[in-house]
Each structure stands twice: as C-alpha cells, then as structure tokens.
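S.K.: Protein chains in written order, with this note's numbering: chain A, 12 to 425; chain B, 12 to 425.
Among the hints, a few may not be true.
Just so you know, same-sequence chains aren't split out, so a pair can sit in one copy or run between any two.
[To be verified] The calculated DSSO-like cross-link candidates involving lysine-lysine, where the alpha carbons are at most 30 Å apart (straight line), are: (1) 282 with 372; (2) 13 with 69; (3) 372 with 104; (4) 156 with 425; (5) 242 with 425; (6) 135 with 236; (7) 424 with 236; (8) 372 with 135; (9) 156 with 69; (10) 156 with 13.
Quick caveat, the hints were computed from the structure, so don't treat them as lab data.
2 protein chains.
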Amino acid sequence: MKVELLSIGDELLIGQVVNTNASYIAAQLNTIGLEVAYISVCGDSHEAIIEALQTAHKRASLILVTGGLGPTKDDLTKEAICDFFDDRLEENKEVLAHIMHLFETHIQTPIRPANLTQALLPSKAVVLKNGVGTASGMWFERDKKITVFLPGVPREMQYVLEHELLDRLGGLSSLSIRHRTLLTYGLGESAIAERIDAVVSDLPDGLSLAYLPNFGRVRLRLTAKDHDQKKVEALLQVFGDRIAAELADIYFGDEEQGGLAPQLLNLALQKQLTVASCESCTGGRIASYLTAIPGASSIFVSGLVAYQTAQKTQLLGISPELIETYSVVSTEVAEEMAQATRLKTGASIAVSTTGNAGPEKGDSDVDVGTVFIGISTEEHTFAHEFNFGNLRERVVEKASLKALEMLYREIAKK
Amino acid sequence: MKVELLSIGDELLIGQVVNTNASYIAAQLNTIGLEVAYISVCGDSHEAIIEALQTAHKRASLILVTGGLGPTKDDLTKEAICDFFDDRLEENKEVLAHIMHLFETHIQTPIRPANLTQALLPSKAVVLKNGVGTASGMWFERDKKITVFLPGVPREMQYVLEHELLDRLGGLSSLSIRHRTLLTYGLGESAIAERIDAVVSDLPDGLSLAYLPNFGRVRLRLTAKDHDQKKVEALLQVFGDRIAAELADIYFGDEEQGGLAPQLLNLALQKQLTVASCESCTGGRIASYLTAIPGASSIFVSGLVAYQTAQKTQLLGISPELIETYSVVSTEVAEEMAQATRLKTGASIAVSTTGNAGPEKGDSDVDVGTVFIGISTEEHTFAHEFNFGNLRERVVEKASLKALEMLYREIAKK
Chain A
12 MKVELLSIGD
22 ELLIGQVVNT
32 NASYIAAQLN
42 TIGLEVAYIS
52 VCGDSHEAII
62 EALQTAHKRA
72 SLILVTGGLG
82 PTKDDLTKEA
92 ICDFFDDRLE
102 ENKEVLAHIM
112 HLFETHIQTP
122 IRPANLTQAL
132 LPSKAVVLKN
142 GVGTASGMWF
152 ERDKKITVFL
162 PGVPREMQYV
172 LEHELLDRLG
182 GLSSLSIRHR
192 TLLTYGLGES
202 AIAERIDAVV
212 SDLPDGLSLA
222 YLPNFGRVRL
232 RLTAKDHDQK
242 KVEALLQVFG
252 DRIAAELADI
262 YFGDEEQGGL
272 APQLLNLALQ
282 KQLTVASCES
292 CTGGRIASYL
302 TAIPGASSIF
312 VSGLVAYQTA
322 QKTQLLGISP
332 ELIETYSVVS
342 TEVAEEMAQA
352 TRLKTGASIA
362 VSTTGNAGPE
372 KGDSDVDVGT
382 VFIGISTEEH
392 TFAHEFNFGN
402 LRERVVEKAS
412 LKALEMLYRE
422 IAKK
Chain B
12 MKVELLSIGD
22 ELLIGQVVNT
32 NASYIAAQLN
42 TIGLEVAYIS
52 VCGDSHEAII
62 EALQTAHKRA
72 SLILVTGGLG
82 PTKDDLTKEA
92 ICDFFDDRLE
102 ENKEVLAHIM
112 HLFETHIQTP
122 IRPANLTQAL
132 LPSKAVVLKN
142 GVGTASGMWF
152 ERDKKITVFL
162 PGVPREMQYV
172 LEHELLDRLG
182 GLSSLSIRHR
192 TLLTYGLGES
202 AIAERIDAVV
212 SDLPDGLSLA
222 YLPNFGRVRL
232 RLTAKDHDQK
242 KVEALLQVFG
252 DRIAAELADI
262 YFGDEEQGGL
272 APQLLNLALQ
282 KQLTVASCES
292 CTGGRIASYL
302 TAIPGASSIF
312 VSGLVAYQTA
322 QKTQLLGISP
332 ELIETYSVVS
342 TEVAEEMAQA
352 TRLKTGASIA
362 VSTTGNAGPE
372 KGDSDVDVGT
382 VFIGISTEEH
392 TFAHEFNFGN
402 LRERVVEKAS
412 LKALEMLYRE
422 IAKK
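Looking at chain A on its own, in the form it has when it is part of the complex (with noise of 0.2 Å):
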C-alpha cells in the first residue's frame, strides 16, 4: 500500500514554518507498519489542492492530507474537498455541539461567526472528532483509496491522529517497521564505514543502514522491515550491538532511548551521581537540553548562564586576576568556573563553557568560534579547547553537544 502525505499550506512554500507535521505523521505510521512513500506540499489555492489531490490518488492508495481548515478566509481546503469529491457542506450538529463546549469550558472568549462554520463537513466524510481544537478530520472513501484531512496545527493534528486515526488505520498492514539509530561522534562517515565494512556486507534481506552526518557527528539508522515483528527486533539487536561493537570509542547509545541527554541522566542516576552547568558561550542550552527531559530534577542540580565577564566574579567569585591574567576565554577560566559551580552548587560533576560564539570579538583576542569546555569532579578539573566556526548558531549547538558528551565521559568513568 503505498502512502503519500500532503501538506497544504503557503507557509511551508515560503520557507516561513518547517514540515514538522510530515516528519510526526510518517513515524506514527511506522509504528503501525506503514511506510510513506511520498511527501507533497502545495499552496493555499482552490486550483494546488485539486491538483495535488489528484497526483497523490494516482500513485498512492492512502493519503492523509494536514491544514488548510481554520475557520479564517485563507483556508480554502474545504471547499476543494467537496470539489474533488462533488459533495457539499452541511452542519454537523455534534461537531457544533462540541465546538460550543470548547468555547463555553476552555477558550473563555465569546463564539463567533467564523468558529461555527468549523461546523459545516462535507457530507461524505466520516468525521474524526478533535478534542483539543475546533476543525474536526474527515476521512474519505473511493475507489479503494482511503483520503484522510487532518487539521494543520501540530497539537490537533496529533491528538486526530492519535485518538482517531492511528486504530482505523491498524489493520491495513501486518508489516513490523522498527529503527535502531546508533550515535556516535568524532569520526566522519567514510571512516566510520570503512571500519563497519565487515559487518555491514553481513546485512541481511530486510536490513538496511542510512548515514545521517549533521553537526559533527554522524547517525547510523538500521531499519529491519518484516512479517515476523521478534525477527525484526532480533536483526536490529544483533546487527546494532555488532556495529556498536565495532565503534566502541566513538558510540554514544541509541537515539531511539532518547539521545544524548537522557542518556546522560540515566547513567548519573545509575551512578548517583549529581550534574551542574555554568554556561557563558552557550547561554542555558546546555541546562536547556538536559531540563527538557522528564525528571531531570533528580540528577541536574542547577545551572549558571555567567554570561557578562563581570558575572563569572559576581556569581561564582572568580577572580578578576585570573581573568586578566588569562582572558575570559581560556582554559584557566573553564576550569575555574567549573570547580567553582561544583563547590557552590554540591554537583558530584560540574560543566562549564566559555567562548566566543560571534558574530563579533567579544571581551578576549580569541577567534569567533573558539571555545573552552571545562569539567570539574572531586578528583579532577580540566578543559579542553574547540574552534566550532563562524556561525553563532553552530558554534552554541556545537559547543553544547561537545560539553555533553565530555560529561557523558566523565560520568561513564565513575
């Protein structure tokens, strides 16, 4: 069965919002053993929709289809629906029912004109009820072909698809589809392929491997597809322990347990150990990542952002001679600002960065894109010199995913 997902909307032609609908769609129907084989985007106009509908029912037989049905004048989708499948609006009295509750229990702001006709569905369509918004799904079907709409907003969309969709839509495949993406860091694809060769002409029918290289480091996805659901998690355990095997200095677990961070976490909670940040070039990214993970609280103790030079004398009551001596941007300062965020906090480990991440020279001689990554535990401190680039953005994610990996290490030690 072949799956194509379209997305309507001008936003995303103009490059202003980022198909993040696409790519939470697609993951959800693998879990449910479908694969997307193509993904579309077209504009907010009577005639790009027709279009797009009728390219997406010639080479896929379900299409599930995001935006375009807020109650505002640029959504035109639903008028093109009826078009595509000569049918016609009529009210939906629960459907308007509901979207009186809405406004009554949670919106709290007087019901207008426009939110009603939300309540106006082509009479064809199954309705998919959306609890959290006030454009309802619909589902279509014709000639053997299944068209879903979804609403475009990623929390309504997810709570269609989760609540309405993913069930209905179960039963067409009998396909297990799982991942297994291996991190690791430091090394570049090719001399990451070369030392896997062995193993990787070892892959089996119904085992693949994808390089995913971004940010300095490079992900290694295996997918296992078969009938057979205990095949396919024995193909990605076997295959993925030998190539982490194999990778060993370089491997940082798998993104599927949730990346870098959570790891981390996982590990210091193991270990009992406790975590504390001070950041200058990274301004709270790192304390960002590691506090977006549910119960972080129990490992992350606080963070500093010593962002200004005179807040690093201020907050941690590091010297100013020390600086002077020094710069602000040196291994001295790093390591300074990592025992001290440790004694002052009562982390077991500390992280520290200071840099500068440009645009400009800063308050030190050092180039734009340099930065010093300092770790602070009870038997030792050090920090380790980067040069991340030119590009703020770059440098900052860089920088951060450095300092966690450092302390990742650290830990591991323990």
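Put chain B on the given structure of chain A with help from the hints.
M.R.: Below, chain B alone, put in the same frame as chain A:
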C-alpha cells in the same frame, strides 16, 4: 516559471529528520523573486528518484534537488542522475584536487577511497563548487528546464546555494516578493480576523494575508508581489501598519525583525536597561533564546537555572521558610526569585519562572502545567499564574514565550 524542490532521503520519509532544507531554499528563492509551487520528498532508491524527477519535470521548469550525494553506500543519486540525463560519471580533476586539499587542511584524517569517488561526476553537469565539503553541486539544462542538485548536509547545501547558485538564478525572475509577519500574543485567530476585517476588505491585488496560529500566539503574514519593488515595500508598510494599529494591544513587532527575543534586546538597548533571568521549570530556555541573538551580551547580564528546590536557597538565598510556607511553586517564591536575581546580578529587570512542567508532580501540590512568572524592577515586583496544559515540551515553550512577552511589556513601560 514553476519551481519544485525535491528532497531525497529515507530519513525524511520515516520522520527521523525534518525537512529544514526545503524551508531554507524556499525562503532564499523568494528573495530573488522566485516562488516555489511544489515541495516533494522521495526515498533513497533508484526507481523512486527517477519517478520523482519525472513527476517534477512534467510540472516544473526549475527543479532544485537536495540530498543523496554522500560517499557511503546508501547514496544512489548520482547513478540515477546519469540514468535520467543519459550521462556517465567521469573524474573531475578540479574537484579531486579540492577534495584532497580539504582533507589536508581541514578534515585532518587520512583520505579514503570512498572520499575520492566524490570526484566522479556526470560529464554533462556544470559543477557548482562546494567549498565546505566533498559533495559538489550540479547544474543541468535540457528542454528549457533547469535541474540543480545540491548536497543534503544543511551547511554544505547553504554554501553552494549562496556562493554558486543564487546569482545564476537571479536573472530568471523580475518579480519582487516580500513578506511581513506581524507577531501577536493573547488572542485567537477568529477574534483577530473580526478586529481587522475592515483592513482585510481593503487589501489590493498583489497583497495577501495568512493566519499562522501556534503555541498560544497567532502570526499574521502579509505577502506582496509585484514587478515594482518600491510598490511591494509600500504595500507592506501601509497595510502592515494599519493592521498593527488595530491590534496595538497584542502586537509585538515583526518576525522579519527576528521575533520577540531580538526586539526585546533592541528595546532594552535603546532604553539602556539590562536583563537577568532565574528559571526553574523553563530550565534555561529563556536564557538560551536571549543569548541566541548576536550582541546579547551587552543586555543580558546573566541567568540562573535554580532547578532543584534547595538550589533556590543555595544560589539566591531564598529562605526555606518562605518555600515551606507558600510552596516552591507560588507567587511569593516567583517574586522572591526575580527580586533576589535582580539584586544579585545588578540587572535593571529580572524575570523568573517556577512551575511544574510534568509529567509528574514534583516538590509541590500544584497541577502539572501550573507556572508562576515573576518580574522585578527597581519600582515593583510581581508574579502572574498560568496553566500551560499537561505536555512537558509545550509547558516549557509556552512559559518561556510568555516570560519574554512579560519582560517586553515591562521594558516598553520604562
């Protein structure tokens, strides 16, 4: 001229990677007067690539393709290109020299056979140099249609686009396309539509308006198109200002000026004010948003992430009795956090957050989603209570945006 963006990659079809390349390219093309009509994604197989190229060539006359040009075995694009354009691979001496130079100067690991195959390119292609990687861009012309292949790694794609492609495409369109996106907070799509109905009825040809709701805010995008660039700019100015005037109480500037964080920093700079943050449930995200902006260090003094309850005492000296009496998630503690941070850091204004982002109840009895946001200035200190629902990521995001909004309002008052 119809433009299609085609992205190749299984990682997109399984939802592992979000298609940021398409958004980036679409926005860049708009700046040179080109509008994207179609965005599509296909998988990493010979058949899928050929089929997608055929579909694109039927409906578009400029096709920009990204992805599938890496050195490892999962990349089949070059073979498909040869098939599609009836071409063959041959070694490009200049590209080979560039790859060897890159390895000597930047990559600093031994060059591998797989890297050298990156110099094998279709003989009919005009090569677009990739200064930051080994995968070259390629330009084909056939039957009055242009097809361009770009690397999939975002940084490399951006390099080739900016240095090799935009100038070549610049002559294709005489149209000016500009967007102006007004940021509003606090009112729903339908209510906004009613308030600006009179302006919307007045919109002339060549000017359109779209509503983009998400995370409790609505963005209003005006798009102007014309062959006369001055007219385009005047339309956005006049109608954007009229809408902004109607929505003065909920309008927070334009997204093209960078969004809330940079505008907040600009306003603070004008008024010579400095800012500090003390975050609990938002875990560093407010600091992270502010410090992402170039030049933040002259306004943003420092931030604290007092994550564990005891750290609110440890770092800021908040009395354990206050926390005991009112609970750690309370107006009183939010106010005290903001005030203590302002005094400790010497900033003119401090913002604080304390709440429970879930999924479980923490060190207080409040419902998941409850967040108190505090503000402290020399004149006064106060806090407001919010509930941002029960999804951790949404609670953190909405609380961070709301905190920036409150900070902005406070700075504007000064």
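S.K.: Which earlier hints can't be squared with this structure?
M.R.: Structure breaks hints 3, 4, 5, 6, 7 and 8.
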